[in-house]
Amino acid sequence: MEIPYTVTARPDTGLWNAKIGIWLFLASEIMLFGGLFSAYVFLRIGADAANPWPHGLLNVPVGTFNTFVLISSSMTMVMAWASLKMRKFAQYRIYMGLTILCALAFLCVKAYEYNDKFHHYGVWLKNGEFITGHLEENTPESLTILPDIHHEGRHFWPETEHGAPREIKKADIRRWSNFTPKFSPFFAIYFTLTGLHGLHVFGGMVVNIYFWLPGSKLYRTNPEHLANRVEVSGLFWHFVDLVWIFLFPVLYLL
Amino acid sequence: MEISASPAHVHHGEEHAHEHHDPGFLGKYVFSTDHKVIGVQYGVTGLIFLFFGFCLMLLMRWQLAYHGQPLPVLGPVLAKIFPKEMPGGVMTPEFYNSLGAMHGTIMVFLGIVPIAFAAFGNFVVPLQIGAPDMTFPRINMASYQAFFIGGVIMLVSFFCPGGAAKGGWTSYAPLADITDRAPNMFFTGQTMWLIGMVFLITSSLLGSVNFITTIIQLRAPGMTWMRLPFFCWAQLITAFLLLLAFPPLEAASVMQLMDRVAGTSFFLPTGLVVNGEIVNISGGGSPLLWQHLFWFLGHPEVYVLILPAMGIVAEVVANNTRKPLWGYKAAVFSALTLGFLSFIVWAHHMYLTGMGARVSSFFQTTTILISIPSVIILTALLLSLWGGSIRFTVPMLFATAFMPMFGIGGLTGIPLAFNAVVLYLHDTYYVIAHFHYIVAPGTIFALFAGVYYWFPKATGRMMNEFLGKLHFWPSLLFINGIFMPMFLQGMAGVHRRWYDGGASYDLAKPVLHWNAFMSWSAWLLCVSQFPFILNFFWSIWFGKKVDHNPWHATTLEWEAPSPPPHGNFLKPPVVHRGPYEYSVPGSEDDFIPQGKA
Ligand code: HEM
Ligand SMILES: [Cu+2]
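Respectively, the protein sequence lines represent chains A and B. Residue 1 is where the first sequence starts when you use our numbering, and the numbers rise one by one after that. Residue 1 is where the second sequence starts when you use our numbering, and the numbers rise one by one after that.
Just chain B, with the same shape it has in the complex:
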């Protein structure tokens, strides 16, 4: 390794002296406490869940475009596995609801958060701050295990009597409270959903404690707060959001669990009538309480989905424009503001619950305020492109596409901040399009950027450039083919949960023809992921071998060998400069690593 030219190679021998015990296969890959292995575990599991959740949506898209028709090819297979839910290969409304609820849940809680926060955070953060590992390696392992158990519970719930949860990813009471109570409320989809959530929340709690402590305590000498890469800042703030916003949902899940299993009425009002009969419960509960607790998590959660993505894009952009990040400080303070404000906007998801003008004006105001820091960060990223000699590598393609896509998602959120507009748009496809533009071509593209960018660090090999481009361009095209028409449908009034895609509603007639177009885009988007899957596995074994810093990047993770050994660095890193010293006038290279004296 020819890292920087400073002397202390003496540590080399010492570091290795600690490592002569062989942990074996299980200890190395399954029950590992090494942050890099845990990061990869999270990443691979998360990608699998992401693909699984995506497939659920592909099934739904068939129903929306060709409702009532048996599913071709897969239909007979699914009819065998789910005879009640897919009789003759035709989807029942109940199964459609399960697919919708589980698509949302899996994508958010088992796909994006584990990849964006836990996988990239675990793998990259300790390396970027120059730490040997996380502060609490065993808690880190426990966090992954809790996540894994939660995920398995969610999957198993498909096979419960009555099928998986059907109440949407938001599990609104009283509907979610009372579905599928018989014959046994324990092994029902919704109960399993709640138990699964408790595991996932525990997992993110353990993870966030670890991340924050690590970033505070284990920064290498010289790594001051304003030398911290933006990615680490984003992860730090995300960790705080997870730490403080998730527990109220845990409380809410416990209460809904009590409602279902112990017969309480936390979320069930007095005199509730189900199927024409008054339910034999005490009543006196409040369905609104669930919504408050859910969205108190739910809104910070959307920033959990976007902040790590912004962090990844910032790293990739600085590296590929060969310029310092424009407005680094402004971006950091905006991210902090974003984190804070995200706790006081939650009721903008609840304008239609009759909250009164004063309360809704408060939440309108905070919602508009929160768009300011988002715009500042996006502006910083956009202006960073200005005047750079941009290298359009595969990660850079994804990172560049992130910006307009996130822009569309964010700008279409602004009308939703206003109570009067939401009266019309609430629960339409417009809302679906708004947040999918942020999370799908936004966050997921950023995640792909991250995979292509850090893959050589994790494996020592590059991913194939041609396959990467074959992945990027069709994905960009088809993902817009799915979500752009949703704005049109939503503005025409198409509701987000119609089982037949609007066929039985007159108002949907003028926009109905988009359904098939969107579905075909979705299936082609699936096809476009195959180059990625192929590339991923092919490159692990046959990718081009590269040295420790193939992108000529400045941040610390690139000073460790690829892949980094247990303990990460060959000699303890010391930081001498800011994170993005690219194209410094007068220096011989166009980048100066943070660790270079």
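Next up, chain A with everything else stripped away, as it sits in the complex:
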């Protein structure tokens, strides 16, 4: 038994099956990320004196770089598909390889950013003061922090200046934590959104690697089918790219 319209389009709908499938899947993905974006809106509206919405905690140049990486990967992805359509297999191999490389670069940069955050600390004192910086020492009685020095206004380049080490008694601390999800609503939504997005990048990359190496054997028997498959994974890839285009300004810039 064979399922019709896996490779060729059904005449009255003009589409093959997987193309409808992927668009439906993407519709549901929009609702998934939509739910998280609505959480972002709720949290941001709910920001108050106790939890002001922070600015300038993320590294904008690095984020910008990653945006370019993803946009480039979308272009190489299109080229990979086009190469298959033109039946230029060697070229497909190159472009698909570049796409995978971009995905890998994106994930590495993201890992670098996460790691940076995990090594940054914030301390709320009982007297209302709020200090951020790097942790020098942590003893049962006190913390020693290298505090960040903040300048007025917003900055494109992150501030890396530190003040003199400062010892803080644990008895004076209301709450302290590194920049992990539990730190604040901002980091909660930042890590959840980018984490879920990162999982999508990873998933897309794995699928692309499959079509790049073992899956590409299909080219010999049915090149059009392979082109269709790459088109589907490409549509997913553009979607993942598009999500980032929304995430970047919302989290890094606004």
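In case anyone wonders, no lab produced these hints; they're calculated from the structure. Just to be clear, a hint being listed does not mean it is correct.
[To be verified] Cut-off 20 Å, straight-line C-alpha distance, at most; resulting in silico cross-link-like pairs (SDA-like, lysine to any residue): (1) A/K19 to A/K182; (2) A/K126 to B/G283; (3) A/K19 to B/R138; (4) A/K182 to B/R138; (5) B/K571 to A/Y5; (6) A/K126 to B/I278.
The model shown is predicted, which means the values in this text are computed figures rather than measured ones.
Fit chain B with the ligands to the known structure of chain A by using the hints.
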């Protein structure tokens, strides 16, 4: 097989040539990609869960009627299995809460949706549209597996320290966020509930993509949209609801999971006090956000529960009145409208959250609007009975009972659309009665109708008529015995989550005596299911053998052999007419199959 008299029997040999490899027992029944096997897997698993969820409620009913007394017979057994939750056979309040939460969750997400949508949809839709299978058979199998894993996780959660989830099927924050965090937040009921939900949502996502694509792409030649049986329309719209409404709950589940496991405060407000102490969290979250995300799923979900049921009833009614479905087109467009409107009514579950007059007027209006298409569909079904020579077969009995029961449920929903009324009725037994009339004697009766109706297609044998009637009449009686008094209790102000059924509240005194009556009805309802269980298994092996179309039905599934082979049809079907050509004047039979030229 003497199907229709057209020539092309040549395909016969070709079709079988593809099938000579033997997939073995595992490949055939466990890891099958055949839509019929997956449908049956979903159906059997769903029925088991349905019965299990029902049993949880039977335990609760003991507590409500005879609170504080040790459970007879089962008490000692449960005290052994759950020494902390059922000490000496007496139910603790925590365990009562777990039973309530898991009853709702299991009935909705593991019982009704899998049966109504996944089981009947999988088994019937490809046959009705004349397709060899679903478009993505392997994804179909993955969907069942994700569902199965989600179900197992839910069951295992009963054995976590602290027991299963206790926050109601709605898992409202902040309560659900903070229960049972110690000693380890991973193996707690609520965390398992969230992980289970992520699996179930993934499963329904895979299923809905498959259903929609299949209905769009694999309709047989001639199966135009207006020749599609109403059941397929209902499944198509249901699939869209699942596709688009479930993901926000997935997002919400992920966030609640983060709250519990990573210590975030998505749903926890600033300055939250638990047991007299300020919790050490960042705060700044919003409990209302959970409610919005939950009900954004929750309301479309109630139409996921009812639309397939309407579809089944439509098929059974047309077949047993021997008349075309009255107002087929109106019903289709109403179902489409219903699907659309169901996305913009969710906040009628949240009138008491202080949303302000403007917002609540908007949701009052949309809620009243959505009752219009529901009424149109019900009217179409009712008018279809008019002037028919009705055959009261077992499926028809259940389908007929569906109509007044759904009617009661729907009509009692209308007062709930109004903010001012809900001030009084919210979270009372009135609400419980409202939606149970829709889902229990409504949807579940429709599901039984479907089981009796399509059983001969799946097995080639009829279910026993006498046992079927022995199942139907007591069920109808006792199910009303459970839910009708709930309206009275609710209007008297009895709250839906009281552990002692209202015994410690003065206001409940005048309606308290109903508790025992309702509980006995529930237990007798359980007894009334035994004829069904017996019938089901007996008929698989000993039921009367029948040919491919025992009901003399018109739709395509009845042109395939019973049970249909892998690939379904002996020759590719072609559709020549609408779905319900019964009693056409001048034709020799009282039905003309869709595939007859
Ligand atoms: C026909 C028009 C309907 C109207 C106007 C309506 C209205 C409402 C309203 C306003 C509530 C909220 C009551 C409250 O919490 O205070 C409610 C609850 C509910 N309705 Fe309906 N409803 C209708 C049909 C349905 C249908 C078809 C179903 C599907 C099976 C359904 C299932 C439910 C459920 C499950 C709840 C309770 C949820 C909970 O709080 O646990 N309703 N209904
Ligand atoms: Cu609702």
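Comparing the hints with the structure gives:
no., hint, result
1, A/K19 to A/K182, "violated, 40 Å"
2, A/K126 to B/G283, "holds, 16 Å"
3, A/K19 to B/R138, "holds, 16 Å"
4, A/K182 to B/R138, "violated, 39 Å"
5, B/K571 to A/Y5, "holds, 18 Å"
6, A/K126 to B/I278, "holds, 14 Å"
In summary, the structure is inconsistent with hints 1 and 4 from the numbered list given earlier, while agreeing with the others.
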